[in-house]
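There are 2 protein chains.
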Amino acid sequence: MSYYQQHRSEFVEGLRAFLRIPSVSTLPEHSSDVRRAAEFVREELRTAGMSFAELIEGKGHPLVYAEWMNAPGKPTILFYGHYDVQPADPLEEWKSPPFEPEIRGQDIFARGSSDDKGQTYIQIKAVEGLLKSTGKLPVNVKFLIEGEEETGGEHIEEYVRTRPPRLKADAAVICDTEMFAPGLPTICIGLRGIVYGELVVEGANHDLHSGVYGGAAPNPIQAIAQILCALKDSNGHISIPGFYDRVIPPDPQEREAWARLPFDETEYTQKEMGAAELVGEPEVPLFERVWARPTLEVHGIRGGFTGEGAKTVIPARAVAKVSTRLVADQRPEEAAQQLKNAVKAACPRGVRAEFRVIHSAAPSLTNPDNRFIHAAAQAMNQVFGKETVFIRSGGSIPIVGVFDQYLGIPSVMMGFGLPDDNLHAPNEKFHLPNFFRGIESVALYLEMLGR
Amino acid sequence: MSYYQQHRSEFVEGLRAFLRIPSVSTLPEHSSDVRRAAEFVREELRTAGMSFAELIEGKGHPLVYAEWMNAPGKPTILFYGHYDVQPADPLEEWKSPPFEPEIRGQDIFARGSSDDKGQTYIQIKAVEGLLKSTGKLPVNVKFLIEGEEETGGEHIEEYVRTRPPRLKADAAVICDTEMFAPGLPTICIGLRGIVYGELVVEGANHDLHSGVYGGAAPNPIQAIAQILCALKDSNGHISIPGFYDRVIPPDPQEREAWARLPFDETEYTQKEMGAAELVGEPEVPLFERVWARPTLEVHGIRGGFTGEGAKTVIPARAVAKVSTRLVADQRPEEAAQQLKNAVKAACPRGVRAEFRVIHSAAPSLTNPDNRFIHAAAQAMNQVFGKETVFIRSGGSIPIVGVFDQYLGIPSVMMGFGLPDDNLHAPNEKFHLPNFFRGIESVALYLEMLGR
Chain A
1 MSYYQQHRSE FVEGLRAFLR IPSVSTLPEH SSDVRRAAEF VREELRTAGM SFAELIEGKG
61 HPLVYAEWMN APGKPTILFY GHYDVQPADP LEEWKSPPFE PEIRGQDIFA RGSSDDKGQT
121 YIQIKAVEGL LKSTGKLPVN VKFLIEGEEE TGGEHIEEYV RTRPPRLKAD AAVICDTEMF
181 APGLPTICIG LRGIVYGELV VEGANHDLHS GVYGGAAPNP IQAIAQILCA LKDSNGHISI
241 PGFYDRVIPP DPQEREAWAR LPFDETEYTQ KEMGAAELVG EPEVPLFERV WARPTLEVHG
301 IRGGFTGEGA KTVIPARAVA KVSTRLVADQ RPEEAAQQLK NAVKAACPRG VRAEFRVIHS
361 AAPSLTNPDN RFIHAAAQAM NQVFGKETVF IRSGGSIPIV GVFDQYLGIP SVMMGFGLPD
421 DNLHAPNEKF HLPNFFRGIE SVALYLEMLG R
Chain B
1 MSYYQQHRSE FVEGLRAFLR IPSVSTLPEH SSDVRRAAEF VREELRTAGM SFAELIEGKG
61 HPLVYAEWMN APGKPTILFY GHYDVQPADP LEEWKSPPFE PEIRGQDIFA RGSSDDKGQT
121 YIQIKAVEGL LKSTGKLPVN VKFLIEGEEE TGGEHIEEYV RTRPPRLKAD AAVICDTEMF
181 APGLPTICIG LRGIVYGELV VEGANHDLHS GVYGGAAPNP IQAIAQILCA LKDSNGHISI
241 PGFYDRVIPP DPQEREAWAR LPFDETEYTQ KEMGAAELVG EPEVPLFERV WARPTLEVHG
301 IRGGFTGEGA KTVIPARAVA KVSTRLVADQ RPEEAAQQLK NAVKAACPRG VRAEFRVIHS
361 AAPSLTNPDN RFIHAAAQAM NQVFGKETVF IRSGGSIPIV GVFDQYLGIP SVMMGFGLPD
421 DNLHAPNEKF HLPNFFRGIE SVALYLEMLG R
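Protein chains in written order, with our numbering: chain A, 1 to 451; chain B, 1 to 451.
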């Protein structure tokens with residue numbers, strides 16, 4: 001029985017302790033919790049046997065850095081993960097409190113269990129197992145774990161942009177994605193980028209009575225509605241001029257591989273999403289819509305009177321949170337400018353409208369034909385007992401683009417989440433068998449790279 | 001010197017006592033104050049010399065009823081007013097406390113001074129003057145004063161709907177509107193009705209990650225935007241099928257009269273509304289837009305993430321408060337059904353949309369060519385020394401439709417408020433010259449009707 005099999009209950013206990021820290025990076029009232037989570041990771045890395053582990057301070061939440069460089073001549077792997085989590089609201093929809101991890105069946109439920117504390121912990125425990133059982137690692141290993149992934153904070157990007165010598169590595173390994181289906185080992189080779197911001201619309205300088213002024217007064221909520229409809233048509237096509245110009249369509253081989261993925265559309269739609277039907281560009285196949293096409297979404301909106309009952313007010317102001325996901329080879333700055341211009345062009349009379357960028361990230365697309373990805377596919381294949389599939393993800397992991405641009409290294413995205421893990425939603429969970437197999441897969445991967 | 005000129009200081013002292021009662025009908029903690037205001041009105045009506053005055057109890061706050069029926073063969077006038085007031089917040093913006101009436105210049109400042117205690121008191125004092133100085137009234141007079149106007153309470157409507165014989169009258173007189181401009185006697189002959197409700201749109205049964213599902217998942221906020229744009233075009237035209245079918249355009253005479261009203265559009269737009277420009281149906285003149293055309297407004301909207309920063313969620317649900325103002329000869333029930341149907345028809349794929357009515361009121365339009373309005377115009381003309389103008393109001397006074405429907409009587413809206421009286425806002429005021437002239441106008445009106 002291996003170290004990994006012997007220590008499963010300790011791993012789960014450690015993960016529970018990690019999950020109990022409400023490290024919600026976007027809420028200022030949790031900033032001391034976020035720091036506590038950083039310190040927790042640093043201690044775990046020290047305990048695991050890394051040569052040293054420390055916090056890197058800067059603007060925003062600290063980075064955790066650790067290294068073990070005692071395998072001369074062997075490649076160097078840079079592990080990336082994040083210790084911060086999404087806000088937990090709406091709280092009333094959680095079956096167990098978001099920061100009191102509870103195991104039900106084979107799943108552990110807590111905010112961050114899958115995204116990304118559980119998967120970051122996989123990396124740490126994989127390294128710990130090798131160091132504890134053999135006293136060394138088969139390759140050189142560095143960790144860079146951040147606390148601003150969910151806020152789009154710029155600390156890590158600013159740090160990596162300076163190309164610090166200590167970050168020199170041959171490949172990054174990121175465990176922050178998901179398996180295509182339960183039991184199906186999966187490597188993600190493409191990510192969408194994002195431009196996220198606020199659409200602010202202002203009309204009169206104070207709220208107006210809709211009886212007295214309705215018919216003459218500008219209404220910022222109606223204006224936001226008009227702008228949103230001008231940005232995206234009813235078929236899900238983005239109507240922003242030039243927006244699709246740089247979009248690279250998937251090649252025929254990739255399209256065929258996607259078509260072969262085991263997939264039940266009814267299950268996906270009704271059970272996973274809980275929706276009546278799928279929407280979006282009718283002529284584009286589903287995986288291409290969510291992985292390889294830009295989209296535009298409203299995430300939230302507020303304005304005027306929203307209490308119980310009725311108030312006949314024409315509000316002075318309305319705000320919507322809007323993002324667009326980008327695909328290779330779109331550029332965030334260009335896309336943001338296109339979006340800003342389109343908002344201005346669509347702004348109705350009588351109001352002022354402005355799109356203010358909160359954060360952005362470049363899309364990424366990795367050629368799977370390299371040794372770091374080959375080895376990952378093999379290791380996962382061996383642990384899970386199934387052929388590894390290559391997919392893309394519709395989400396954004398900004399660091400992949402940053403590593404590519406500033407460190408010149410590919411990112412290997414070995415994901416152990418599941419599609420129904422409820423990321424960013426109530427009742428987030430992590431499947432414990434994936435947690436254990438993930439640890440073994442990462443360990444085997446390092447061994448393979450060291451041969 | 002008439003009774004009215006002799007008793008001005010008593011009138012002001014009585015009004016002060018009325019205004020000191022914080023009869024905020026919407027706040028349960030003020031319910032005993034609301035009752036105290038009802039009792040105050042009843043005592044004032046008794047003191048004025050009405051044959052009897054009493055409270056009518058029911059669900060909600062009491063009605064005050066009084067009558068004097070000793071003018072056989074003469075018409076019967078039903079005075080309507082309300083003794084309840086809006087909440088006073090934000091308190092810190094009041095220059096003098098809202099329930100400690102203060103006279104500054106020619107204005108008396110207090111919550112309810114204009115809306116509607118001051119104007120209700122005008123009616124009582126007019127009747128008092130005639131009874132005290134001549135021992136009788138030139139016509140028969142009834143009072144029905146309510147305490148739920150500011151809450152949309154249904155006590156009065158339920159009462160009138162039973163057509164109690166004691167409410168039989170030839171016309172209602174309502175003093176709850178405003179003069180078009182200072183010194184310009186004004187009668188309001190039309191009010192818009194309203195259908196107010198919630199537009200609820202639901203997509204997936206839980207919030208979804210926009211990275212993972214963006215491009216395939218229905219978005220209720222985008223759907224609300226699409227529905228709002230389908231209901232009203234960018235020129236302010238309501239696109240609901242059949243919505244304008246019953247709309248009666250103002251006749252050329254009325255349009256000409258409106259065009260002659262003293263009006264400074266720049267002042268109205270920039271100072272009164274605080275807006276950059278007026279919007280709405282470009283081919284329709286301003287007063288027609290706000291008085292004689294139906295409009296559709298969003299009063300509030302909420303959905304998804306609206307906190308600080310960013311959350312990449314596709315929300316499960318979004319809700320907007322939406323109303324449409326109606327004009328003669330639209331019917332609230334029919335308009336509500338048209339709106340519901342249009343929402344269903346505009347509902348995009350993947351979401352469910354529903355419009356739920358919260359309250360509604362019929363529009364009203366009185367033919368000014370009747371003796372009750374003629375006499376009112378003449379009386380005001382004589383007291384104010386200027387030709388009386390006829391306007392409409394874009395707001396809704398539901399009781400007018402109720403009187404029309406259940407009692408079959410026209411409502412004469414003699415308003416003595418001013419456009420800058422700060423109704424529903426801090427520093428509400430009533431212009432004392434209008435208070436005195438209002439009393440004399442109503443008294444003269446009753447005399448004219450009795451001739």
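You may find that some hints are simply not true.
As the list claims (entries may be wrong) - Facing chain B, from chain A, some residues (calculated, C-beta under 7 Å):
1) P218
2) N219
3) G280
4) P282
5) E283
6) P285
7) V313
8) R325
9) A328
10) R331
11) G395
What the hints assert, rightly or not - Residues from chain A shown here face chain B by an in silico Cβ test under 8 Å; the list is partial:
12) P97
13) E100
14) G211
15) A217
16) C229
17) F305
18) S323
Claimed, not checked - Derived DSSO-like pairs: lysine-lysine, alpha-carbon spacing no greater than 27 Å straight-line:
19) A:K95 to A:K271
20) B:K271 to A:K311
21) B:K386 to A:K311
It should be emphasised that the hints constitute simulated quantities derived from the structure, not laboratory data. For clarity, every value in this text was computed on a predicted model and none was experimentally measured. Every residue, glycine too, gets a C-beta built ideally from N, C-alpha and C.
Structure-inconsistent hints, enumerated in ascending order: Structure breaks hints 4, 5, 6, 9, 10, 12, 13, 21.
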